[in-house]
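Asks: Residue numbers (the numbering used here), protein chains in the order written: chain A, 291 to 567; chain B, 291 to 567; chain C, 291 to 567; chain D, 291 to 567.
Incorrect hints may appear among the rest.
Repeated chains share a single entry, so a pair holds when one copy, or any two copies, can fit it.
Capping the alpha-carbon separation at 30 Å, the derived lysine-lysine pairs in DSS-like fashion look like this [what the hints assert, rightly or not]:
hint, residue 1, residue 2
1, K417, K400
2, K330, K400
3, K535, K355
4, K417, K349
5, K417, K299
6, K304, K444
To be clear, the hints were calculated from the coordinates, so they are not data collected in a lab.
The structure presented is a predicted model; accordingly, all values stated were derived computationally and were not measured.
4 protein chains.
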Amino acid sequence: MNRHILLIKCQDTKGLVFKISSILLLHNLNIEQNNEFVDKAQNIFFMRTEISGEVEREKLLAEIKASLQCESEITLCKQEQKSIVIFATKENHCLGDLLIRHNSSDLNAKILAVISNHNHLESLVNKFEIPYHFIDSENIPREQHEEQIIHLCKTLQPDLLVLAKYMRILSAHFVESFPNQIINIHHSFLPAFIGANPYKQAHARGVKVIGATAHFVNNNLDDGPIICQDTIQINHTYTWQDMQKAGRDVEKAVLAKALNLALEERIFLHNNRTVIF
Amino acid sequence: MNRHILLIKCQDTKGLVFKISSILLLHNLNIEQNNEFVDKAQNIFFMRTEISGEVEREKLLAEIKASLQCESEITLCKQEQKSIVIFATKENHCLGDLLIRHNSSDLNAKILAVISNHNHLESLVNKFEIPYHFIDSENIPREQHEEQIIHLCKTLQPDLLVLAKYMRILSAHFVESFPNQIINIHHSFLPAFIGANPYKQAHARGVKVIGATAHFVNNNLDDGPIICQDTIQINHTYTWQDMQKAGRDVEKAVLAKALNLALEERIFLHNNRTVIF
Amino acid sequence: MNRHILLIKCQDTKGLVFKISSILLLHNLNIEQNNEFVDKAQNIFFMRTEISGEVEREKLLAEIKASLQCESEITLCKQEQKSIVIFATKENHCLGDLLIRHNSSDLNAKILAVISNHNHLESLVNKFEIPYHFIDSENIPREQHEEQIIHLCKTLQPDLLVLAKYMRILSAHFVESFPNQIINIHHSFLPAFIGANPYKQAHARGVKVIGATAHFVNNNLDDGPIICQDTIQINHTYTWQDMQKAGRDVEKAVLAKALNLALEERIFLHNNRTVIF
Amino acid sequence: MNRHILLIKCQDTKGLVFKISSILLLHNLNIEQNNEFVDKAQNIFFMRTEISGEVEREKLLAEIKASLQCESEITLCKQEQKSIVIFATKENHCLGDLLIRHNSSDLNAKILAVISNHNHLESLVNKFEIPYHFIDSENIPREQHEEQIIHLCKTLQPDLLVLAKYMRILSAHFVESFPNQIINIHHSFLPAFIGANPYKQAHARGVKVIGATAHFVNNNLDDGPIICQDTIQINHTYTWQDMQKAGRDVEKAVLAKALNLALEERIFLHNNRTVIF
């Protein structure tokens with residue numbers, strides 16, 4: 291059976307649910323799951339609907355667009371496996387977690403490749419018969435390094451780029467090449483401890499919780515729309531290295547959760563915030 | 291502006307959202323918030339809608355009922371302050387928490403009375419100018435004790451009976467007198483540690499988490515539909531008394547959360563489980 | 291039976307536990323509970339010991355001091371009820387929580403007074419027969435306002451000043467008048483969202499967790515040593531007012547926990563960080 | 291530098307810390323870390339000390355034993371890498387998590403082998419060049435199946451046997467062959483949902499939290515001493531399969547945490563409970 295996901299974002303007006311549900315009914319489509327949210331402060335309507343049945347794509351989209359009578363963002367995509375490219379540097383926990391999930395089909399995505407600025411993780415990735423691209427950043431300008439990666443990704447055409455502890459800052463040019471397609475895991479509960487070495491910063495500040503944040507990457511470092519966050523309790527016995535070790539479990543869990551939400555088309559972006567169904 | 295909450299539970303069929311939203315639109319009603327859920331395993335549709343506008347109550351209900359073409363439970367209630375009666379025994383933390391919330395209008399309910407089988411909490415309740423009914427259970431048969439309470443509650447006519455650490459077991463007769471109206475807080479993460487002294491049981495078992503469960507009361511002790519649960523980490527240094535003390539903070543938070551959900555008509559009951567919007 | 295708490299902080303050297311325990315044994319004192327921690331990075335030894343028996347105070351302190359052969363901070367205090375003054379503004383949840391705990395002897399402290407820059411909470415405090423000092427901050431210079439409070443606190447002589455959502459910034463002069471005696475609850479997981487309206491800031495940033503931080507107050511706003519922190523999950527449906535409401539439960543729980551730790555003399559301060567036994 | 295861990299469990303009496311620390315000092319040993327706990331209800335003293343320096347093993351143990359003047363359990367072990375055998379059935383998440391940790395040296399243990407009653411995980415384990423023993427349980431008596439495994443483990447001589455979602459119940463004979471050496475992860479917050487299919491049980495009961503429990507295995511199924519537990523919030527939208535999927539992240543985190551505690555010799559057993567430093 292054909293299954294699709296319909297995403298609608300538009301100005302809120304009376305009768306939207308009626309309009310959309312009547313079109314779906316006339317198309318003889320089943321609503322398998324339906325979520326709506328209205329941001330009252332900004333008067334924006336969000337709707338995510340899982341539908342099953344024979345979809346006449348162009349006709350359906352045109353009718354919905356016409357019925358809304360306002361500026362809108364409408365997406366209709368098949369429920370099918372998406373493809374990703376994973377970026378990593380030296381730490382293996384986020385990458386390894388995704389590989390293990392992939393190995394048991396817990397991660398519903400095709401991993402096209404792993405890209406890294408180091409060769410540390412090559413043997414791990416090779417075990418899983420996934421292409422590993424070591425693109426060295428030493429002794430070449432940043433622009434040139436990024437261009438190699440951009441070229442590779444444009445060739446691979448992944449749906450999402452997953453930064454699984456990729457420890458390099460991406461330029462505005464890179465980010466704009468893959469709009470709303472890059473997910474990063476930051477090793478702090480943002481907006482605390484932006485930038486380098488958040489666990490060292492956390493230790494210096496003497497915090498009693500540490501955490502991790504998965505977010506879409508935009509032009510401002512660590513400032514993109516947040517998808518998931520979680521924290522754990524720590525205490526005075528933790529050195530920053532202990533925090534780093536304990537934090538890894540949060541990092542990998544939060545990244546996997548965020549990635550699954552993106553793969554299932556559950557995330558709307560609006561004004562640097564996310565609406566998640 | 292008139293605001294109502296519409297609750298619908300019925301067999302799931304195609305077109306339900308369309309049918310209901312079209313009736314609401316024809317009645318010129320605004321959908322302020324809308325939630326739906328389909329229990330696929332049992333094929334049951336649940337919907338909670340906050341509507342604003344002039345409601346023609348009987349007409350609206352009749353039209354919805356007719357359109358559903360199946361057995362259904364439909365409730366339409368005004369968004370207005372509900373009334374409660376609180377039951378307590380000797381511990382003051384859950385009761386006190388509700389009194390403080392009430393004092394700052396954080397609890398959107400009218401507290402009609404506090405009923406207790408002890409007089410320990412009378413002076414606390416009196417501070418807040420709320421009637422305190424000490425109904426002694428000593429030296430009288432349980433049936434007679436309960437009859438006094440039932441009589442009082444039938445007179446007061448509360449929407450909900452809140453057992454805020456009321457340490458007596460209610461008979462089937464009592465429970466049936468207030469169907470789906472009694473909320474209890476149990477001091478364990480049910481179904482673990484049913485019955486008396488859950489913290490002693492938890493200590494004996496050597497658990498590393500303790501918790502609390504808010505649930506509707508039915509005929510089987512500690513077996514009613516669960517509304518909210520939460521847990522906290524403990525360790526070997528906790529005596530059962532330490533667990534009891536630490537657990538109080540979870541108990542009062544979980545009870546208040548469950549009560550707020552009930553006051554806002556956010557809970558559906560189905561087959562001893564809850565659907566919560 | 292006499293019970294004391296012995297707190298020792300000094301440079302770490304070999305044999306410290308032996309030296310201290312031998313002196314306690316020679317004084318015929320029982321060790322009821324003992325905790326040690328060594329900050330390896332800074333080579334500092336921390337020890338907290340609960341002792342019972344007849345304490346010859348001056349002799350014991352002198353012998354320990356002599357045995358340590360280095361700069362040290364040694365405190366020996368009776369295990370007895372401490373006194374506090376609570377500061378509040380308009381919100382009742384932290385204050386109310388402390389009043390209810392006090393009412394059932396769950397809070398082992400004498401509440402000498404509540405001080406506020408508003409009269410909103412007067413009737414609540416009066417219910418519990420605790421003096422309420424409304425010290426108006428309108429139309430007078432900040433220095434003069436603070437002087438009135440300092441004068442009052444110097445008269446009352448509390449062990450601790452508890453800022454239970456007191457919404458005014460204290461001057462360096464005020465803070466220095468009560469060194470390491472002021473505990474504040476901040477409504478964010480510090481160091482995120484320092485300053486005014488953290489929930490508005492959190493909403494604008496689109497975070498998925500909110501939290502609260504209890505800390506000692508020093509000269510830099512929201513920068514003092516952290517005692518306790520906790521967070522809760524939120525989502526896109528939360529307005530900043532919803533966050534504020536949900537956050538109150540974390541705030542009051544975190545403040546009460548921190549206050550209990552301070553009352554039990556479980557907190558060491560070192561370099562703007564806390565060691566907590 | 292030589293590092294050892296000293297574990298002492300004995301009846302509590304006055305002067306124990308003094309006695310032990312004086313012997314360590316006379317042996318010219320450094321205390322790197324020290325933890326004590328007294329179970330007041332049972333009058334049992336627990337102490338774990340990390341020491342560095344030249345250890346005269348027999349002499350040290352004899353002197354401590356003599357000084358305690360009571361029945362005691364004293365263990366002195368080198369701080370060195372331990373060896374484990376991992377048991378699994380079909381699910382890869384706990385096993386995979388341990389393999390990835392091992393791959394980056396986050397797991398300080400030598401994995402001697404993986405034993406399974408199925409061949410599903412063989413290719414995964416082979417990637418990491420770890421011996422995989424598929425010991426089929428079909429068509430042979432349980433005793434015979436277990437004997438093969440016991441024989442293999444007696445040959446391999448692991449310090450610990452880690453049941454990483456091994457879905458077979460072990461006989462008393464098996465358990466007694468490896469006393470206090472078997473760690474299991476159970477997919478519920480014990481003692482709730484003992485036995486088969488805890489997620490189905492949890493769904494049927496309508497709980498709002500699910501969890502996992504790591505425990506030592508004793509003769510009574512799911513009744514051994516608990517090491518770690520954790521829970522996560524769920525809601526009515528979760529089928530039991532969704533719970534199972536979400537639960538995997540808790541299971542693997544809890545098992546890894548418990549295993550690390552055991553590998554670092556941080557766990558005391560006493561009366562079916564654990565003391566963990």
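Asks: Tell me, which hint numbers fail for this structure?
Replies: 3, 4, 5, 6
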